[in-house]
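Participant: Each chain is listed here by its residues.
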Amino acid sequence: MRLNIINPTLKTGHCYWIENDNIDSKSWETIKDVLRDPVDEFILFEEGQIEKSNLVEISFKPGVTDNSANSLKKVFQDLIPEIELKIATGKLLLTEKELSDQDLLALHNPLIERAFFHPSHKIQDYIPSPSFPEVKLEAKPIRYFNLEELTLEELQTLSKENIWAFSEDELLHIKSHFTSKETQKKRSEQGLGLEVSDIEMEILAQTWSEHCKHKIFGAHITYRETTKDLGNFEVNSVFKTHIRDITDQINKDWLISVFKDNAGIVRFGEKNDYCLKVETHNSPSALDPYGGALTGILGVNRDILGCGIGAEPIANTNVLCFGSQKYSKEVLDQLPTRLKKPDVIMKGVHRGIEDGGNKSGIPTVNGAMSFHDNYAGKPLVYCGTVGVLPQKIDGIDTSEKRHEPGDYIIICGGSVGADGIHGATFSSMELDDNSPATAVQIGDPFTQKRLTDFLLIARDRGLYRGITDNGAGGLSSSIGEMAEQTMGAEIHIEEVPLKYPGLSPFEIIISESQERMSFAVEPSKKEEFLKLAQKMQVNPAVIGTFHNKGSFDIYQEGKLLASLSLHFMHESLPQMKLEAVWEGVKTESTWFKNQKEESFDSIRSCLKSLLSNENIASKESWVRQYDHEVKAATLQKPFIQKKMTSPNNASVLKASVYGEEDQTGISVGCAILPHLSHIDTYFMTQMAIDETIRNLIVVGTDPEYIALCDNFCWPDPIPSKQNPDAKHKLAQLVRSTRALADTALAYKTPFISGKDSMKNDFIGQTPEGEKIKISVPPTLLITGIGKVQDTNKLRTPDFKSSGDQIFYIGPQDFSKRYKSHAFKDQIDLPEFNSEENWKVHNQIASLLSQEVFESIHDISEGGLLVALTECTFAKSLGADINNALIEGEDPYAFAFNELPAGYLVSIKKENAHKLNKIDKKNLRLLGEVSSESHIKFAGEELGVKELYQAWQIDWSQND
Amino acid sequence: MIKALVLTGQGINSHIETAEAFKRGGAEAVLMDIEDFLMLDSLDNFHILAFPGGFSFGDEIRSGKLVAEKIKAHQLENIQKFVEAKKPIIGICNGFQILVQLGIFEKDERTITLAQNNHGRFLNLWVELNTDSTKSLWLKDLPSKLKMPMRHKEGRLVAKSGRTDFQTAFTYTTDVNGSFELTAGITNNEGNVLGLMPHPEAGLTEDLFPEDGELSKFNQMIFTNAVKYCERMTL
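Line order of the protein sequences matches chains A and B. Residue 833 in our numbering is what sits at position 833 of the first sequence, and the numbering runs on without skipping anything. Residue 59 in our numbering is what sits at position 59 of the second sequence, and the numbering runs on without skipping anything.
Keep in mind that the hints were calculated from the coordinates and are not lab data. Among the hints, erroneous ones may be present.
Unchecked claim - What the simulated footprint calls covered on chain A by chain B, stretch by stretch (three residues with Cβ under 8 Å from a Cβ of chain B suffice, anywhere in the stretch; the number is not a length):
| hint | region |
| --- | --- |
| 1 | 72 to 86 |
| 2 | 449 to 462 |
Unchecked claim - Per label pair, the in silico range of CB-to-CB distance:
| hint | chain 1 | residue 1 | chain 2 | residue 2 | range |
| --- | --- | --- | --- | --- | --- |
| 3 | B | E214 | A | Q850 | 25 to 31 Å |
| 4 | A | N22 | B | L40 | 28 to 34 Å |
| 5 | A | Q850 | B | E231 | 53 to 59 Å |
| 6 | B | E77 | A | A139 | 47 to 53 Å |
| 7 | A | D662 | B | K217 | 21 to 27 Å |
| 8 | B | A85 | A | Q77 | 57 to 63 Å |
| 9 | A | Q190 | B | K23 | 56 to 62 Å |
| 10 | B | E214 | A | D78 | 42 to 48 Å |
We treat Cβ as the ideally placed atom computed from N, Cα and C, and that holds for glycine.
Isolated chain A, as found in the complex (with noise of 0.2 Å):
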């Protein structure tokens, strides 16, 4: 039967299949009243007509997570019990158009949707139902390789074949481990054969994926450079060497578990400690960018719930970077036929961001958009998550997971299916025209809302004691690294509960369905355990035990079917040997170049245009639909709105609210530079530090107090034929990580948790046919958390009253003009100086302590002027800074230059004298806070309005 509902007044609608072969006709008018809504809706055909409206639809196809559907049949379950009904759902649109296949192609994303357009004058004879949306699987019998006989060239081919992506390295390594006569008597023993199954080559596959085990940033790198700069050196891993133990070095007693955990814990609270962590999800987002950004912040939120014993997450950014949304015809032209236009994957993935947040009440606080040409081929999709998790449950320290060999393994959420099979090693592929669709899921917070409060009273119960989330390479991934504990663990296949049958046992063991968590239950406990997650709904199964027998071992229906060394696994990978070579400053090289070079004769076109720069333009209208106060504790929300809005530094969250018993708050910023990478990474990893330093001291930040997380997303390192120049890619790596930890140590800040993703290229033709590759700019991003002692003291950036002092308060070099946003075609950068920056902070955070501000801003992305503009906004005040300049200065550097450490405060004239600590040097009066909405700078009068009306861009030109 199918159901289509119509609401007139928003000319949408949904259609329903709803199939058993006995609902009865009371159960058919529970079914029609609630899905139809009796004052604004309609059923077609039954209750009224659409007459002139052609008719669009657009439904899942099969295996494609339908999460209506799902809260339906759960409901029905309720209402009418003894009808067990198959549900799939799919929407409506009217419209007036005529729609072509290509219109078609606009409104839906054939990869997991099909769509169908109806046209008015035969909708009255359509019948709608093309097919129940079913999978129809066939389970694949378990295939064996015969190691023995295989030829290299072979096992590269097959390693292609089934997205294994493993290098010839590791093939040899796998090929020899297999061959040998210890494992050959090992698996006699085990009576598994001496052949290979794909169960174990998946199982390696997805544990050795650069997406899982980093190995780039493991590999061993030889640094070589044509300029001289930093010296030619050699560094042992990148991760270890230069942010593990950097972070070891700078030991503040606060850290509490960094860089093992899925998220790095500090101790920021009397009674909590507060996690953080940042994943990204580009090669989905670029597939299904709703998909794959809403699975992206479910993913990173359940990082936090695996994090120790289990924490909640209270808080989300996200940090986006796109193609620019300014894109001309030629772009369109020229783009590579699999790629999806620059604005449709930012509003996909925008909504999966908006999605992933509220409907999983966790407010989505700070972040940031990105724009480069060169992100029109993959998306970067930065999640992140803060979490809270209490110091002690019942005196037990939470920080650490302690399960035992004879836990039981218990999973709990959704079931699996075939979605999300070889995410893990997709990800570490460059992108093609061929990429599996299968690497797309689509997240269901609900599910995930549910199984967050499951989780977090059997955790205050006691009921488990171990736990992590399943994410990337699924069971194989999460369970293979739970088992290193206690030193193995078996799986029973045909326990684990499926979406649909037909999958074969690999499929099983690494498909990466979301919701899912894995539990390590002690025996005694058990029983409890599954009451509680029974009555909850949160589809518990027991899947397996953990053991000490070395082993990771996969049995279906009591048969032992593969077997792998837990040693072999984590630890007997080589080494990666890699050369970097630094060539100096790159000229940027973009797929297309936006034509329009903008050329300034004043000031005023000047900042004009840095104001309607998509990097600095107002994302308000984005923002706002993202719930960034649920909970009630966000203190500093991204906007202060009075008569206009001007934009936030980073937000705070009230500490109290999550049992602290003073007026401290958690800080959380992040910044992000990658128009400065073709320059140099080294520099552009200082200020990308320097500027989340410098977002979290204006919310009143403690310097004492600051952890960092790392996210690398980089275009491929590794040589190949497509790839010449992968030394210097590699090179641009080792400046940046020796950046993190030069910059870390000078300001004693340490990185907690981190990750990397190496491989953001893709490779497609144009629709001429030529072959294209297009590599996101190395991009890092950081982000901070803090501890603010005194939420009572906090000041926003908004210009208070008319008559306060204005100043510019950081190292100041205005002899020229540097590589800037203003500045695009300079390559010239200024001096960084840690120590002089690092006084500069601390300075600030000291006179914020005092209260001796009215408002306080950072000056980052457009340089002193933008700052300043922004701050007028909200009151709609103007400034008085015509007598800033000092004569002989360039206006131009003096407001656009991009330098370090730099604040821009307003302050009660009676309090000036307190700024006398600071170096004269640092410090500069710029003029003052006027009550005429006009900034008057270099005899030039700027209207605030008018500046306004620059920076709120119409994000939707390209429509």
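With chain A held as given, fit chain B onto it using these hints.
Facilitator: Then chain B, alone, in the frame of chain A:
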């Protein structure tokens, strides 16, 4: 002590701050999973019933609809008794949507619904509201203007005909979503059932207000009013 029953589970997400509002108002707040609530034999132990904001059942089909259907199947009678006993009920955002889908405001057939905003977007924005303190026990002694955030995508009130079934409790001072007569919240004619889209529980204290102002203390008053009313009733 006055007991406020605050529902949670199945995607509700503002229960903590809603419970906090009743605690600050002097009541004991009892958090209860919707599934447990559906199984209760009676609601007599409770003085106040609160449906907090959130995304129950993921907002699928229509916000609030699926919880309302479950309540209709299991707990409608007790709720009707609660309403008739003039005990206070509040629905905020998704909670308001649930109340509307329950048909709690109308005598007979449904005449109002909450539909997608006219701009089609979720919007988190602090809004100014007009109110009339005479309409309901929840609104007693409130000033004519309040400020609190709206955070919804489906908050446009649609009214089929007339408006005899409900009274306007709050109106937006500017048109933020195309709602019928700028309506942000309504009460039943007796005034004991209040439903509103914006979130008073998100602005209970001054530090959460985006600007300084005296209005910060009045959002708490909405909840305190209900507690005091119950205290008077039970005397």
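Participant: May I ask which of the numbered hints given earlier this structure violates, with the numbers listed in increasing order?
Facilitator: 5, 8
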